[in-house]
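> Protein chains in written order, with the working numbering: chain A, 1 to 216; chain B, 217 to 285.
I should point out that these hints are in silico values taken from the structure, not numbers from a laboratory.
Don't take each hint at face value.
[Claimed, not checked] Chain A regions said to be covered by chain B (calculated; three or more residues, Cβ under 8 Å): (1) 15-27; (2) 71-80; (3) 145-155.
[Unchecked claim] Restraint-style ranges between C-beta atoms, simulated for each label pair: (4) Lys129(A) <-> Lys281(B): 44 to 50 Å; (5) Ala78(A) <-> Ala279(B): 44 to 50 Å; (6) Arg242(B) <-> Asn201(A): 36 to 42 Å.
By construction, the Cβ of each residue, glycine as well, lies at the ideal position given by its N, Cα and C atoms.
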Amino acid sequence: MDKIPWYQSTTLRALLVALVSQLIVWTGVAEQLPDGAATLAVDALLQVVAIAATAYAAWARANRANPPITERAMKRQAEAMVEQSHPTANPNQSGFVRASMLGILLALAVPSVALLAGACAPIGVQPAKNFDQQLAYAYSSHTAVLDSAANALEAGSLTVEDAEAVLAMADQSRVLLDSARLAAGAGDVTTAEGRLALATNVLQQLVAYLNARGVK
Amino acid sequence: MSVTAALELLLALLARTQEISMLIARLNAEGRTQLTDAEWTVIVAADDLARARLQALIEAKKAAKPSAP
């Protein structure tokens, strides 16, 4: 496949839009607006644009032709094609992401979103300032896992048996989340924090399970 | 886990995280730190809805499977 200039790449154009939107958020342009509601609305709009552009870039990378952009990529692609036709015991990935590595990253991402949202401020995510807000992030991780499992089942990349196992583990996690919320409401912070840690641990196991089952 | 499945999970995580992030931004703008019961109801309802969708899909797939003679 012939090389193309970077500006003809759908993926790079979408990522550029996401990057510019995020940079505008970081520079705090919206905070110069006199009205607080307008600031929030502009920030929210820019973040939605950044997420939509990132999602589109991922979709384009998965579904459209991906011609190389640099000489280096062309060379790597040629090497990868040779490797595919002559597989070795320890194949070189030639720049392609290893699915298992991405799975490990996601297994780390789920509890990070739930517990360490405070570390996400530099990427435009509001940090959780208290337990209530940490718990809200944990519920959102739980919902995301259920959404993904449903999408995978719908697409035929997850078996019914595996989906049932995911649902059972997700239910365990949800019981712990509900229990953490009840304990926090009753003022028992220690129990609430313990339940939240257990819930995120179950979510982590769930992602590891999907990884081990080789969802494809 | 395939790259597509992993990306899908990552995007779902980002989308859901962004929803909560926007809610927390609103809390900060209003000078609040705790979520109201109504806000919790919305979060829990979204989770219930996702669970119901997965459950319905499992049942639909099971029903579509040809039964053994």
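> Now, for every hint given, state plainly whether the structure supports it.
Hints, one by one, checked against the model:
no.: 1; hint: 15-27; in the structure: violated (count 0)
no.: 2; hint: 71-80; in the structure: violated (count 0)
no.: 3; hint: 145-155; in the structure: holds (count 10)
no.: 4; hint: Lys129(A) <-> Lys281(B): 44 to 50 Å; in the structure: holds (48 Å)
no.: 5; hint: Ala78(A) <-> Ala279(B): 44 to 50 Å; in the structure: holds (49 Å)
no.: 6; hint: Arg242(B) <-> Asn201(A): 36 to 42 Å; in the structure: violated (30 Å)
Hint violations for this structure: numbers 1, 2, 6, all remaining hints satisfied.
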